[in-house]
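> Numbers given in this note's numbering equal positions in the sequence shown, counted from 1, plus 1.
Any given hint could be a false lead.
Unchecked claim - Within a straight-line C-alpha distance of at most 27 Å, the following computed BS3-like cross-link-like pairs (lysine-lysine) qualify: (1) Lys175 with Lys189; (2) Lys189 with Lys18; (3) Lys231 with Lys18.
Hint data in this document are derived by calculation from the structure and do not stem from the laboratory. All of these numbers come straight from a predicted model, not from anything done at the bench.
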Amino acid sequence: MFSDSFNQTTVTFFFIKGITDIPELQTVFFILVLLIYLVTIGGNVTILLLICLDHHLHTPMYFFLANLSIVDLSSSTITLHKVLLMYITGDHTVSYLACITQMYIFASTLGHELLILAAMSYDCYLAICNPLRYHVIMNCRLCTLLVAVCYLMGFVQVLATNHHLLNFHLFITKELNHFFCDMVPLMKITCNDTSFLEMMILIQGLFFVTLIPFILTFISYIFIISAILKIHSSTGK
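Make the full structure from the sequences, and use the hints.
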């Protein structure tokens with residue numbers, strides 16, 4: 002924590018440095034980022050359209066896959082749209098509130114993705130271990146509930162850290178050494194004590210984002226592997 006108030010600055014906006022400040026590479030990186038974004042958008046929109054239009058794909062597995070595509074679209078758009086706008090307009094500034102919002106949505110999508118993958122593993126478990134009861138248990142209501150819980154947990158698990166960040170207003174510089182608003186680059190330039198925030202991020206990252214989805218997925222696949230090993234015939238396996 003910095004005690005010299007002369008070097009502290011209260012900011013209302015940040016200047017995002019971007020991927021590179023070399024003029025000769027600006028166009029190359031713009032084209033590269035644009036291509037990555039278009040491929041991401043095209044692939045995920047294609048998946049969503051196919052799932053919506055083909056009634057044979059109106060199953061729990063493809064319902065979860067559609068939500069994974071939505072999460073991927075959100076994650077890509079919230080990070081890459083600002084990069085593209087910076088190259089087009091030349092404006093590298095972003096307001097403090099917009100920066101915090103971008104961090105919140107991006108961190109939430111990471112949780113959404115892992116939790117939806119855990120829900121998909123549960124769907125596989127029911128399909129393999131309880132095939133006769135699968136369609137009764139994994140109905141439309143349960144699928145919707147599982148996805149809703151995944152989204153809710155993803156949004157809730159980053160509330161505390163982002164609320165804590167809202168109290169950070171003193172910074173060494175306004176320049177953010179990254180291509181979008183992320184927590185670690187922001188913490189590097191703040192004058193506030195970040196020890197409590199670092200502990201919160203560690204708990205959130207290890208427990209809520211990683212450990213819970215991993216345990217749920219791991220348990221599901223342990224049961225799946227166990228059920229497959231109990232099948233004696235190679236055809237059945």
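> Hint by hint, note whether the structure agrees.
Going through the hints against the structure:
{"no.": "1", "hint": "Lys175 with Lys189", "verdict": "holds, 11 Å"}
{"no.": "2", "hint": "Lys189 with Lys18", "verdict": "holds, 14 Å"}
{"no.": "3", "hint": "Lys231 with Lys18", "verdict": "violated, 57 Å"}
Checked against the numbered hints above, the structure breaks only hint 3 and satisfies the rest.
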